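Participant: Listed below are the residues making up each chain.
2 protein chains.
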Amino acid sequence: MKFALSVTIKGSREFTEISKSEIEDVLNKAENLKKGIDGEFKINVNVNKDIKLEILSDYRAHSLFARIKKILSEHIGKKYHIGIKEIFVDKYEILFEVDKQPLKPISVPFAEVRFDGNLCNVLIKDADENFLTENYADRLINLIKEKVAKQYYEGKKEYWNLLWSSEKKELKFNTDPSEEMRKRGWIFQISKGKWFYFPQAAHMLNVMKTIAVEEFVKLIGFKEVIASNIKPLEIWLKTGHIYGMPNEIYYVANPKTRDESAWEHFKDVVKITKSIPKEELKELVDINYGITYAQCPMIYYALNNKTIAEDNLPLKIFEKTVNSARYESGGTHGIERVDEFHRIECVYIGTPEVLAELKERMIERYKFIFNEILDLEWRMADVVPFYMQHAGEVEGVKGESAKLWKGTVDFEAYLPYRGSREESKWLEFQNLSIVGDKYTSAFNIKTQTGELWSGCTGIGLERWLVAFLAQHGFNYDDWPEKFKRYVKREEIEKGIKFL
Amino acid sequence: MKFALSVTIKGSREFTEISKSEIEDVLNKAENLKKGIDGEFKINVNVNKDIKLEILSDYRAHSLFARIKKILSEHIGKKYHIGIKEIFVDKYEILFEVDKQPLKPISVPFAEVRFDGNLCNVLIKDADENFLTENYADRLINLIKEKVAKQYYEGKKEYWNLLWSSEKKELKFNTDPSEEMRKRGWIFQISKGKWFYFPQAAHMLNVMKTIAVEEFVKLIGFKEVIASNIKPLEIWLKTGHIYGMPNEIYYVANPKTRDESAWEHFKDVVKITKSIPKEELKELVDINYGITYAQCPMIYYALNNKTIAEDNLPLKIFEKTVNSARYESGGTHGIERVDEFHRIECVYIGTPEVLAELKERMIERYKFIFNEILDLEWRMADVVPFYMQHAGEVEGVKGESAKLWKGTVDFEAYLPYRGSREESKWLEFQNLSIVGDKYTSAFNIKTQTGELWSGCTGIGLERWLVAFLAQHGFNYDDWPEKFKRYVKREEIEKGIKFL
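These protein sequence lines are chains B and G, in that order. Letter 436 of the first sequence, counting from 1, is numbered 435 in numbering that gives the first Met the number 0, and no numbers are missing. Letter 381 of the second sequence, counting from 1, is numbered 380 in numbering that gives the first Met the number 0, and no numbers are missing.
Here chain B stands alone, though its shape is the one from the complex (with noise of 0.2 Å):
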């Protein structure tokens, strides 16, 4: 690699008492300067009434600059008490070489981008001091190599192996669970994607609830805890969530101020038109939050920098009463692709052996519901892992050589009412990861000894409820048995009668 670093330092007062041979010999003699440094490095100086510095070099040049304001500015401190005021960067150019040639042009913030065959040239406008101390050039370069990559994995089909698959079973159902369920006034839409359930379907999502929580997080063992459902941006900051899928968030904006002066003009033009003034409201308020995408973040949030007892572990707590939310696209779907949605969320920490374990019992556990209570038609498959996806990184886990699993399995469901079994796309109605150890490195949980993984196991109330339906259809003799011992008959065949 290589740097060209122009850059003007302007003091507190004009450098003019200061000589070019002064500084270069100041820097000549730092030792501080070279320590660490792999690599080739040449300082041009000038002085005139600002110093300004060109620095050449096959080491990163805005960390040398570090090194050199911190030098020059103990020198002329002491010596000719001149603080340091401002820092301009005039030019940085970086070259570097990229694996493969980009497929077409890339463009970054903050810098223009050349491509020679492989080599790509790097031209920052535009910088200020946090460019060179805030590592934003680091940052940059890496942008620039994971794009390139991007453009070669675009459009590859997802991993996708399949691990195991129930029988085959007879269905006799094949209509749209959620379009029968609207036409029985069960669901009401409120909004793009969010519904309203009616007695029936509420006390049918409440079954699903009451099977996931009595027959799976109360026999593995979870304790339940409560998160906020408005999420400070920062905890996506730390998980990636914010640059990996910024599109998909139902953002979260405060009153600027609660004060009802600086309200009124916006309260009576409401009151005055009946209409809401968008834009002004816009100027009302601040954007810090979101709501919950999925519950884990915060979970890992609420344990950022502590340290679990080791007797505690494996440390096992589920949330269930936050909603989720994802801003679908175009392609939203009765309560199955939904925008809104309800999800019991587990997470579990521990040491990689473990959470294998874990990992063994929680399938049992799973395959016991949708087989024996469910008895659902439906397979499990190793999938590219969610958490890299949200994160918007590109390698799979697949070439590491971790030496405990690592990944995310789907639970998948056939839905009649979509098509053949073969060529339909069957609905992802559950899943579970191991994550290793990037939630707990990121959050700096830990324990006494030894390394500490975590992962997730989500479990959407409508997907198995669609799931459910789509392959049992709406008539309770036709339900299972072990099922129905869950349901309340007169609470899915009385609603509220309308006329």
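Be aware that a few hints might be false.
Same chains, same names: a pair is fine if it fits in one copy or spans any two.
The calculated DSS-like cross-link candidates involving lysine-lysine, where the alpha carbons are at most 30 Å apart (straight line), are [stated by the list, open to error]:
| no. | residue 1 | residue 2 |
| --- | --- | --- |
| 1 | Lys237 | Lys496 |
| 2 | Lys277 | Lys255 |
| 3 | Lys191 | Lys424 |
| 4 | Lys103 | Lys255 |
| 5 | Lys167 | Lys483 |
| 6 | Lys222 | Lys496 |
| 7 | Lys266 | Lys99 |
| 8 | Lys237 | Lys266 |
| 9 | Lys273 | Lys103 |
| 10 | Lys281 | Lys445 |
| 11 | Lys48 | Lys171 |
| 12 | Lys124 | Lys266 |
| 13 | Lys255 | Lys1 |
| 14 | Lys103 | Lys146 |
| 15 | Lys424 | Lys182 |
| 16 | Lys237 | Lys445 |
| 17 | Lys277 | Lys445 |
| 18 | Lys19 | Lys273 |
| 19 | Lys167 | Lys445 |
| 20 | Lys167 | Lys487 |
Honestly, the hints are just simulated from the structure, not real lab data. Owing to the predicted nature of the structure, the values given are computational and were not obtained by experimental measurement.
Place chain G on chain B using the hints.
Facilitator: Relative to the frame of chain B, chain G by itself:
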């Protein structure tokens, strides 16, 4: 009242072939113009390239104008094939009296307001055709009257009338329960007024939920519905929340588009800078929703335009899954004054007579729970109904000759840590309202015969918990026997062990 409206009407071409007297004649002969008008009016006409009208009237000139526009439009369309292209309000002046003269100046959008004693002169500027045809003027006048009235009741003490009081109890505990929970590691603050409940606190909240559901909700016969957490702003336009308390709402914004390319720059900036450019984010989203303030508006919305079968009355439904959010100013405190809380909302719809009976039954159940199970020192009071406060309405219902009870009962618990019974503020931990036909009218909810009223009672789980712990403390052995039946001792004694 006096109205003086000057309007310019622009045609699809110039009105040069039409004379002033022809228009005067058309207007004079138009019977539709005068029909039902209770007052004098005079119209001055001027025709040039445009038609200019001056309406001087005792009656609402904007309404007259709507009629005139229709009459002229028909005449000039038929005879000259000219359409009306644009309407300009050159000047609109309204004179009216208010009951009492304002105490300080009043400002409103769209107009200048001057007072001479009780006489108000409104000079409307910046008005477009909507202003005349969409009733803006009427609402503007009401708004001015309301603002004057508000100046008089502002700062007055709220209405509060004691209805019932439990006996004074011997209370051993006098510590702030939120602070105690925080110290014990039961709760963790996520952001302003929003909390994460670790297993012990989650269990206690669940105990309160179970008591509320088993001992109140089910016994009174409420049926469960599940609402969306994300409320379209249009619902609050109907209930009045959006102009009553817009400064207390957490708003929800969705991406303008899910298209990756629209979000690429934002994502790149986050990746490079590791911070969130919030102004750029604002440009990428639209504010269309808010987080639930109370569950009832959406329940009414789900019943919009429905006719409920008489034998289903009183309709009793409840919602317990949706978190409520309210932007509090500085004054959040522990889990008792929060920005986000858990409430079971019970809504009832029926005839006034039946609701009056139901109210008594509900109060009896609450008395049982608070006296026998939670064993609280508490009281009930008649207060100014929340639904009038929410909509920013000024007058209470006490003055009305309502043949049956309409209003709100607050349930308040003594919190020893706040000071003496007499001087400290008791905690409102519960309320119960009958709101008359406010929402059944607004959402056009009907039955076969007779009038429908509605009401709701909201059970705040955090508030129940605070009231209980503030009086009984944290020692399981000190707790009332009937309450202990709901508690699993090990759940509150064994949390997650951190080092």
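Participant: Which of the listed hints are broken here?
Facilitator: 10, 11, 13, 17, 18, 19
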